[in-house]
Amino acid sequence: MQQVKIIGAAALFAGTLIVVWVTHGTGIVRNDPARNISIPDQLTVPFQVQAAYNDTTMFFRYRWPAARPGILHDVLRYEDGKWITEGAGVPGSDPNGMHEDRVAMMLDDGSVPEFSRYGGYITIGAGLEGLTDEAPEVVTKYLPATRNQLGQWDDMAPDGTLATLRDAGYFLDLWHWRGGRSNPVGQADDQNISTGRDGDAGSASYSTNFDNALGQPRVMFDPATAGYKALNWDDVVAGRVSQDQVYALIDGQVLPYDPDAGWKNGDVLPRRILKPGTGSRGDIGVLGQGRWADGFWDITLTRALDTGNPADDKILRDLGSYTTAFAIHRNATGLRWHYVSLPQTLGLGREAEITATRFAGDTPTWGNTWTEITLYYPGQVTWPMLNSTSHAGAEYIAKGVPVKYRHSPEQLTQYGIEVEFKSEIRPQWLKTLFAGLALIAAFGVSLNLVLAQRKEV
Amino acid sequence: MGAYHTVAIHFPIALWMVSSLAIFIRVATDGPIGQAMDRALKVFLVLGVLAGAGAWSLGINIWPWETISSTPMGRNHMMMATWSLAFFTLLAVTRFLQGDRIWQGASRWIMALLALIGVILVGITGTLGGHLHGSYTEVAEWLRLAGWEVYSTFYVPNGTIWLMLGVAAVMLGLAFVKLGKSEG
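Protein chains in written order, with this note's numbering: chain A, 1 to 457; chain B, 1001 to 1184.
Here chain A stands alone, though its shape is the one from the complex (with noise of 0.2 Å):
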């Protein structure tokens, strides 16, 4: 008897530990609107770079995968009399599909150490727009020194300390492509990463269609061009508009609204209207069209090596050398629900992790040698926490070592997952923790007991 009763314990403590390989993991990792948390299903991107320069003008070529194109944003909606907005911009994908899809290249020439380290890690301070714990006002990514404290990120530096930094090339260029936004006029929109995510001197390439006095659009499709005054909502919906039809509003290709059109509902007209961006904000151009096809989007950017903005760009120069970082939105996402790179090494002429190959002519010859790079899901690290006891790399931070020292971003990416459920996750741990050593204890009791039965009889 006390044989059964042994194996029928061992069996018992197997199989739980069975059970408890097979359930792990589960149980708290869910989509929680609520708190801004919504983990795309596919948690890593493979995206491919190009870079060719000749005596005057940079291109950068990018390829990515995308199920469909984001080329609208956000959308006024016409429903019984009134305009409605869709795309306000939710945690994750846009149940509708609005929001554009993005290429975003952070470039910087040595000015701002920590990001050839650490990438836009550095540009993730505490209180960002979209974090669980955001800011009550609008917070966007930020370099670290434009604060007296670390994780303080209403606590801005004086004016002096930052237009000295600025002086000293204390902030990271951006050129940020917009499938929507900037796309159909040509450019990408030229920005900077310093105080905040700001966009350089100038003019934006896109305004709002909408004028709230009046409780209407302000422009409309040209019938005559666009052979529609509007889209239709289910064709939005259904990402049956392409790149093929008229989808923007482009300034000098449309008409002032007209509120006796017709409208009926399901009518959809685009909530900006798109002129070419001007100044140091439209620096950056597009090269050809900008098309998505068969699921990829290639794009390729171009813009002066010098383009007279130091106080704006980095400026760039035959045998320099440079980082750079990379982040797509794609699947109607916006705002930190994008996919991020590690640094990249960015040589013109030089080696580098992406080397930039100078050619004679006016535009670049791209062969089929690209750097491949793995973009990731990175949740929501920050750079307070990770300088934090939080953190076990801290102290590496501290003494300058890379983060692709230690870090993969498939590694990244589940700590970053981790990062959004620490309150939940450490007591499971510890529960699972102990609840093991239980199992283990009352196993060792249990066939010791039953033995020494055996050993009585």
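Among the hints, erroneous ones may be present.
One-sided excerpt, in silico: chain A residues whose CB lies under 8 Å from chain B [to be verified]:
(1) 10
(2) 12
(3) 13
(4) 319
(5) 428
(6) 451
Non-contacting residues of chain A with respect to chain B, defined by C-beta distances greater than 12 Å in every case (computed) [what the hints assert, rightly or not]:
(7) 27
(8) 38
(9) 80
(10) 92
(11) 133
(12) 159
(13) 165
(14) 201
(15) 222
(16) 369
(17) 418
Hint data in this document are derived by calculation from the structure and do not stem from the laboratory. Using N, Cα and C, we set each Cβ at its ideal position, and we do this for glycine too.
With chain A held as given, fit chain B onto it using these hints.
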């Protein structure tokens, strides 16, 4: 502290691996080699538990509690190390309490099963420790293929925790009920 833990941890790992090997050999044969292994096993198990407790103590002092309990790899390493120590303590206690009779009947195969689980636990613990130290192996890939992404914390849902506690209670009840009948 980390460097000392790295040095110290090799002793229990070696002792536990050798202990497991000794158990496997003893289970396989009652001959002179098996008998010799069993004699050595008692020493290895005791030394392994003592060395393991020492290395475990060093390990939990490498980082503050806030740090190790916030880091997925730290959590996983600590959990597996604790379970490994508990497991080989169970083996040592069982071997000493039961004496040579442990190798009779079904209990000999139970010892083999426990040794196998122990080897797996220590192997995972060492793999995670290597990752924390910056030395990566393909074992993590094997675990990934088996269903565990080692860069995420190992935890189970409440339902499984209740199952674990329930099974623990059943195992204890099983033993005590039987003991009562024997005594009666």
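Tested hints:
1. 10: For residue 10 of chain A, the interface hint holds, since the closest Cβ of chain B sits about 5 Å away, which is under 8 Å.
2. 12: 5 Å, holds
3. 13: 7 Å, holds
4. 319: For residue 319 of chain A, the interface hint is violated, since the closest Cβ of chain B sits about 34 Å away, which is over 8 Å.
5. 428: Because about 4 Å separates residue 428 of chain A from the closest Cβ in chain B, which is inside the 8 Å limit, the hint holds.
6. 451: Since the shortest Cβ distance to chain B is 5 Å, the answer is holds.
7. 27: Its Cβ does come within 12 Å of chain B, the nearest being 3 Å, so this is violated.
8. 38: 18 Å, holds
9. 80: Residue 80 of chain A is indeed farther than 12 Å from all Cβ atoms of chain B, at 46 Å.
10. 92: Label holds. Min Cβ-Cβ 20 Å, cutoff 12 Å.
11. 133: 16 Å, holds
12. 159: 36 Å, holds
13. 165: Non-interface label on residue 165 of chain A holds, nearest chain B Cβ at 31 Å vs cutoff 12 Å.
14. 201: The claim stands: residue 201 of chain A keeps its Cβ more than 12 Å from every Cβ of chain B (closest is about 42 Å).
15. 222: 53 Å, holds
16. 369: The claim holds: residue 369 of chain A sits with its nearest Cβ about 28 Å from chain B, beyond 12 Å.
17. 418: Label violated. Min Cβ-Cβ 5 Å, cutoff 12 Å.
Violated hints, listed in ascending order, are 4, 7, 17; each of the other numbered hints is respected by the structure.
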